[in-house]
Every structure is written in C-alpha cells, then in structure tokens.
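**Q** Note that the protein sequences, when read in sequence, are chains L and F. In this text, residue positions in the first sequence follow the numbering used here: the first is 10, and each later residue adds one. In this text, residue positions in the second sequence follow the numbering used here: the first is 33, and each later residue adds one.
Since the hints were made in silico from the structure, they are not lab data. Just so you know, these numbers come straight off a predicted model, no measurement behind them. Treat the hints with caution; some may be incorrect.
[What the hints assert, rightly or not] Below are the EDC-like pairs computed for lysine to aspartate or glutamate, each with C-alpha atoms no more than 20 Å apart in a straight line:
#1 L/Lys419 <-> F/Asp38
#2 L/Lys444 <-> L/Glu432
#3 L/Lys125 <-> L/Glu235
#4 L/Lys444 <-> L/Glu426
#5 L/Lys444 <-> F/Glu127
#6 L/Lys125 <-> L/Glu220
#7 L/Lys444 <-> F/Glu44
#8 L/Lys444 <-> F/Glu118
#9 L/Lys420 <-> F/Asp69
[As the list claims (entries may be wrong)] Chain L is nowhere near these chain F residues, computed Cβ spacing over 10 Å in every case:
#10 Ser41
#11 Glu54
#12 Gly61
#13 Gly64
#14 Arg76
#15 Arg78
#16 Arg87
#17 Glu103
#18 Arg129
#19 Leu136
#20 Ala139
#21 Val140
Even glycine gets a Cβ: it sits at the ideal position worked out from N, Cα and C.
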Amino acid sequence: MSELRRVDETLWEIPVTARPDMRVPARVFADAELLDAIRDDRSLEQLGNVATLPGIVGAALAMPDIHQGYGFPVGAVAAMNSSDGVVSPGGVGYDINCGVRLLALPIAANELDGRKEALVHELSRAVPAGAGKEAGLVLRSGELERVLAEGPAALVARGIGTEADVELTESRGRLAGADAAAVSERARQRARGQLGTVGSGNHFLELQRVERVFDERAAAAYGLRESQATVLIHSGSRGLGHQVCTDYVRRMDAVQARYGIELPDRQLACAPLDSPEGREYLAAMAAAANFAWANRHAIAHSVRRAIARVLGEGVAARTAQVYDVAHNVAKLESYEGHELCVHRKGATRAFPPGSPDVPAPHRDAGQAVFIPGSMGTASYVLAGEPGSVERSFGTTCHGAGRRLSRTAAKKEVSGNELRRQLEAQGITVRSPSPKGLAEEAPFAYKDVDRVVDVVEHAGLARRVAKLRPIGVVKG
Amino acid sequence: MYRWVDHTSEVELEIEAVSEREVFEEALGALGELLADDPRGHVRRRVVDVAAADRPTLLADWLGELVFLAEAESFLAERVVALQLEDARVVATLEGRTAAPRHLVKAVTYHRLALAERDGLWRARVVLDV
Chain L
10 MSELRRVDET
20 LWEIPVTARP
30 DMRVPARVFA
40 DAELLDAIRD
50 DRSLEQLGNV
60 ATLPGIVGAA
70 LAMPDIHQGY
80 GFPVGAVAAM
90 NSSDGVVSPG
100 GVGYDINCGV
110 RLLALPIAAN
120 ELDGRKEALV
130 HELSRAVPAG
140 AGKEAGLVLR
150 SGELERVLAE
160 GPAALVARGI
170 GTEADVELTE
180 SRGRLAGADA
190 AAVSERARQR
200 ARGQLGTVGS
210 GNHFLELQRV
220 ERVFDERAAA
230 AYGLRESQAT
240 VLIHSGSRGL
250 GHQVCTDYVR
260 RMDAVQARYG
270 IELPDRQLAC
280 APLDSPEGRE
290 YLAAMAAAAN
300 FAWANRHAIA
310 HSVRRAIARV
320 LGEGVAARTA
330 QVYDVAHNVA
340 KLESYEGHEL
350 CVHRKGATRA
360 FPPGSPDVPA
370 PHRDAGQAVF
380 IPGSMGTASY
390 VLAGEPGSVE
400 RSFGTTCHGA
410 GRRLSRTAAK
420 KEVSGNELRR
430 QLEAQGITVR
440 SPSPKGLAEE
450 APFAYKDVDR
460 VVDVVEHAGL
470 ARRVAKLRPI
480 GVVKG
Chain F
33 MYRWVDHTSE
43 VELEIEAVSE
53 REVFEEALGA
63 LGELLADDPR
73 GHVRRRVVDV
83 AAADRPTLLA
93 DWLGELVFLA
103 EAESFLAERV
113 VALQLEDARV
123 VATLEGRTAA
133 PRHLVKAVTY
143 HRLALAERDG
153 LWRARVVLDV
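All chains should be modelled from the sequences, with the hints used to inform the complete structure.
**A** Here's what the structure looks like:
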C-alpha cells in the first residue's frame with residue numbers, strides 16, 4: 010500500500026516499479042473511504058498479480074466496488090493483446106457471464122395495490138431458486154447444443170421470450186466462437202435441470218420501484234419512468250459455467266511451464282490466446298456465456314408468466330426487457346485499432362453513446378448498465394460514458410461490492426431477524442434459506458451510492474435512474 | 033481439525049491433521065458442513081478415484097470431485113469408509129446420502145492452495161468459491 014499514489018480525485022495507482030514482476034501499473038477507481046475498505050485484505054495484492062500477466066496492456070484496473078477474490082480481485086479489468094497476450098479462466102471466474110437483466114412493467118409500483126405480496130410469492134413459485142438440481146427447463150435432444158451455440162435465440166423458437174428481448178441483450182446474447190464440443194460432459198451433467206433457475210449465493214430476483222430518474226432522455230430511451238415497477242434478475246451460467254472454469258483452470262495449470270509462464274498465484278493459470286488451450290477455453294467460455302444469457306432469458310419468461318397470473322396477461326405482454334449485461338466474461342474488443350481480450354471479473358461493459366455495439370434504441374443514450382444494491386439498498390441504472398473507453402476499456406462497476414465476510418454478516422444478524430427488518434421497510438422477502446439470507450445482508454456490502462458517485466465522477470458512466478426494492482426472492 | 037478463515041467473498045478452509053489421510057477426511061467433513069445443514073435421504077456408498085499432478089492439487093481436486101457429486105448426482109458425502117493415497121492419486125469408498133445440497137459451492141480454487149507437513153503436523157489451506 011505504501012506505493013499507492015493518488016492520480017486524481019477518483020484514481021489511484023500502484024506504479025509498475027512497485028514489484029519486479031509487474032508488467033503494467035495497477036490502477037483503482039475509488040475515493041478515500043472505499044480504498045480504506047480494502048486496505049486490510051488482499052485486493053491490491055491480487056490486482057498487482059493481475060498486472061504480471063503476459064500481454065496485459067495499459068494497466069490492471071479495479072472498479073470502486075473492488076474486493077478480495079481469488080486470482081483476480083472482484084471488480085477487476087485486464088486487457089490482453091490478442092497477438093501476444095493470454096486468456097485466464099480463473100480471471101473470468103467460475104460464474105461465467107454472471108449478469109443482470111432488468112424488466113420494466115407497464116404499471117407504477119403503487120398500482121400493485123394489495124397484489125405486491127401475491128406477486129413476490131408467485132415469483133418465488135415460478136422461478137426455482139437455491140443450490141443444486143432444480144426444476145428448470147427440460148431440454149429436448151439437441152436443445153442444449155443449440156443453447157450453447159446460440160444463447161437465448163434458441164429458446165425464442167420454443168415460445169420462450171421474444172426476438173425483441175434478444176436484441177436488447179449484450180452481444181445479442183450470443184458470443185461468437187462458441188463451441189459446444191469444448192464443454193465437458195461433466196459441465197453438461199451439472200447443467201441438467203438448471204436452465205431457468207436463479208441459484209443461490211448473491212443471486213436474486215428483486216421487485217422494485219423507480220424511485221428517481223436523473224436523466225429523463227436516457228430513461229425514456231430505456232423505457233423507464235419515475236414510480237414504475239421493475240424486476241431485476243441476477244444470475245449466471247450455474248453449474249455449467251462453474252465446471253467449464255474448473256476444467257480449464259486445471260488444464261491450463263498443467264501447461265504453464267510449456268509456455269514459459271510464471272505466475273504469483275496458480276488461480277491465474279492462463280495460456281496464450283492463440284494456443285490450443287486458449288482457443289478451446291474461449292470457445293467453451295462463449296458457450297457458457299450463451300447458456301447464462303439463455304438462463305436469464307428463461308427466468309424472464311417465468312417472471313412474465315408470474316406477472317400474468319397475478320396482474321393479468323395484458324400487463325405481462327407489455328412487460329419489456331430494458332437490457333441484459335454480463336459482469337464476468339472475457340471478450341475480444343477493439344481499442345485504437347488494436348484487438349484486445351478484455352477480462353471483466355465483477356465489472357460491466359459500459360460503452361458510450363454512439364457505439365455501434367449499443368442497441369439502436371439506446372445508442373444516443375449510451376449502453377445501459379445495472380448496478381444491483383443488496384436487498385435493503387437501492388440499485389442503479391447507469392449509462393456508459395466516453396470516459397469508459399478512454400480510461401477503463403469500456404468498463405464500469407458491477408455492484409456495491411462486499412465489505413464483510415459471510416461469517417461476519419451472520420454474526421451480526423440472523424436470517425429471520427433480517428427478514429423482519431426488511432419487511433419493516435416494506436420489502437417482501439421470500440427465501441428458503443435464513444442462513445443464505447443473513448450472508449447477503451445489506452450491511453455486508455459497501456455503500457452503493459458512493460460506488461456510483463465514483464464511476465460518475467471518473468466519467469465511466471452516468472446515473473440514469475435509482476431503483477428501490479419492494480420485494481426480494483433469494484435462493 | 034479444520035476451521036474457516038474469514039474471506040471477504042469466498043470461504044477459506046484451514047486444516048491441521050496428524051496424517052495426510054486425515055487431511056482428506058477433514059476436508060470431506062468441512063465440505064459436508066458447508067453443503068448441508070441436516071442432511072437427510074437414503075444412505076449409500078460410492079467409490080471415487082481422483083488423480084492430480086501433486087498432493088496439494090490432489091486435495092483441491094478431491095474436494096472438487098465431492099462438489100461435482102453433490103450437484104450433479106445429489107450425493108452428499110458424509111464419511112470415508114476406506115481411503116488409499118498413492119503418489120498423486122486418491123481412491124476412496126465414501127458413505128453419504130442421496131439429497132440435494134442445501135447450499136451452493138461453485139468450485140474449489142487453486143488460490144493460496146497449500147498442503148505440507150512440518151514437525152509431524154500436516155497443514156492445508158483451500159479457498160472455495162461459494
């Protein structure tokens with residue numbers, strides 16, 4: 010930490026000279042208080058480790074929601090030259106394409122009247138949540154292959170979701186180069202019964218009210234207005250992604266010497282992008298990412314069915330997808346004419362207005378980004394700004410960022426007490442696991458307002474709307 | 033014996049044991065505590081066979097196998113009936129229950145992975161993604 014110097018109001022840097030093995034500096038977007046929150050853990054050491062990876066360009070970057078992880082810290086961005094750089098499965102993490110999808114209902118939250126409890130209950134019945142094997146979609150022969158290759162588009166043919174949903178999904182829900190053959194049988198076994206399920210840990214569904222709109226023009230482009238009811242979906246690639254990462258970390262760990270790669274942390278195991286291991290991982294990761302987008306797409310379908318049962322078919326039919334973003338993924342992107350493999354681990358792509366990768370209805374506003382809070386706290390809708398391309402490889406933060414360990418959170422509150430506290434705030438809670446609920450208590454996370462302040466001041470993204478939870482379904 | 037060490041986002045397991053075999057048994061017990069509060073279900077036995085490049089990796093991959101069996105086969109391992117450790121391979125007969133895990137363990141990482149003997153005591157450390 011002694012090497013950490015302040016570059017400007019929201020940027021701090023560990024110079025490349027701080028460690029002999031660093032190839033580039035490590036930079037953290039934060040304010041003094043957010044930086045204090047990570048002084049005593051391994052976050053900065055882990056960010057320094059990322060800066061040692063072959064082919065990394067610019068700097069190893071961290072967003073203000075950075076916290077200690079394994080391999081990469083959570084909230085990290087690393088861009089590798091496609092010519093001499095590496096791809097690191099541990100860098101992307103186990104929950105490949107963990108991400109967030111936002112749905113906007115055509116009614117105001119206060120129009121739910123006495124039906125809020127019923128809607129949250131119906132959401133908890135319609136969308137399986139929890140660990141292990143669950144009652145997700147039953148896939149017919151060959152359907153998993155199509156989902157891995159095509160993502161949510163493969164489900165539209167079955168009447169699940171719409172083409173419009175696919176259009177309003179990052180990368181249209183389909184990463185190029187996906188190869189189902191690169192996904193192991195074990196990964197497929199873990200995925201069985203899991204498509205259309207939330208999972209557990211920090212994954213959830215949230216019923217919300219748009220508390221405040223900061224940018225009317227962008228909000229209108231996203232289909233959002235004050236007081237509106239929304240549903241936020243946070244989930245990923247489930248067991249399939251966990252196993253893909255497990256398989257390729259193991260495989261790459263075994264070939265480090267062959268490629269002459271020395272790492273400060275085995276979990277950073279990597280391989281050149283143009284090596285057989287690198288290419289196959291990218292093909293498997295893309296397939297897992299497509300599975301994750303299909304998972305959130307299927308969950309959104311179940312959410313609409315729940316809305317139809319409680320609020321009527323008309324409300325369900327007019328429940329529109331705002332957008333869907335990934336926050337654990339590696340993608341090939343072009344910056345100043347150079348093709349880079351951008352690893353985002355707990356970080357969200359945030360392309361600025363005018364970017365051709367932003368869907369046409371949102372292009373003038375910039376890419377929509379969703380920053381979930383933590384049950385009792387607000388979530389934000391942001392829009393990508395030009396500073397993200399200039400300073401952070403088109404990236405912003407992904408959430409509030411954990412502050413306390415799960416053990417510490419459980420010491421402070423029981424699941425049942427937390428449920429009472431949330432319900433006293435007007436938040437209806439459905440969770441089968443009091444322990445899991447307590448682990449995700451709002452105070453276990455940093456102040457999301459402060460995190461969003463930093464990315465706005467840094468010019469990475471700007472506030473569009475603030476969402477307040479009124480119902481939570483957790484695994 | 034094992035203990036959980038504070039980690040901001042994941043869980044870190046530390047084990048101390050008088051033998052390597054006991055390290056593997058303790059790891060199984062710790063994972064069982066994580067996966068299920070009060071496992072119920074049909075009792076059955078299962079043989080597992082895991083190989084790796086070295087002993088620390090073998091410990092991580094042993095736990096990885098148990099994570100896989102819990103999620104893919106709803107087999108929650110409860111105790112080791114027989115266990116044979118070779119150079120970098122473990123073959124074991126396990127007793128457990130057929131039940132879905134109550135809590136999720138996504139994976140077993142190689143981050144800060146350690147297994148070594150010192151002064152007659154085996155110490156291990158494994159970080160799990162939960």
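**Q** If I take the minimum Cβ distance from F/Ser41 to any residue of chain L, is it greater than 10 Å?
**A** violated, 5 Å
**Q** Taking 10 Å as the cut and beta carbons as the points, is F/Glu103 off the interface with chain L?
**A** violated, 5 Å
**Q** Compute the least Cβ-Cβ separation between F/Gly64 and chain L, then decide whether it is above 10 Å.
**A** holds, 14 Å
**Q** Between L/Lys420 and F/Asp69, does the CA-CA distance stay at or below 20 Å?
**A** holds, 17 Å
**Q** Hey, L/Lys444 versus F/Glu44, does the alpha-carbon distance stay inside 20 Å?
**A** holds, 18 Å
**Q** Given the hinted pair L/Lys444 and F/Glu118, is their Cα-Cα distance within 20 Å?
**A** violated, 38 Å
**Q** Once the closest CB in chain L is found, is it more than 10 Å from F/Arg87?
**A** holds, 14 Å
**Q** May I ask you to check that F/Gly61 keeps its beta-carbon over 10 Å from the closest beta-carbon of chain L?
**A** Holds, since 18 Å exceeds 10 Å.
**Q** For a C-alpha distance cap of 20 Å, please report whether L/Lys444 and F/Glu127 respect it.
**A** violated, 26 Å
**Q** Taking the shortest Cβ-to-Cβ distance between F/Arg129 and chain L, state whether it exceeds 10 Å.
**A** Correct as stated: the minimum Cβ-Cβ distance to chain L is 13 Å, above 10 Å.
**Q** Please check whether the beta-carbon of F/Arg78 is more than 10 Å away from every beta-carbon in chain L.
**A** holds, 15 Å
**Q** Can we confirm that no CB of chain L comes within 10 Å of the CB of F/Leu136?
**A** violated, 4 Å
Checked against the numbered hints given earlier, the structure breaks hints 5, 8, 10, 17, 19, 20 and 21 and satisfies all the rest.
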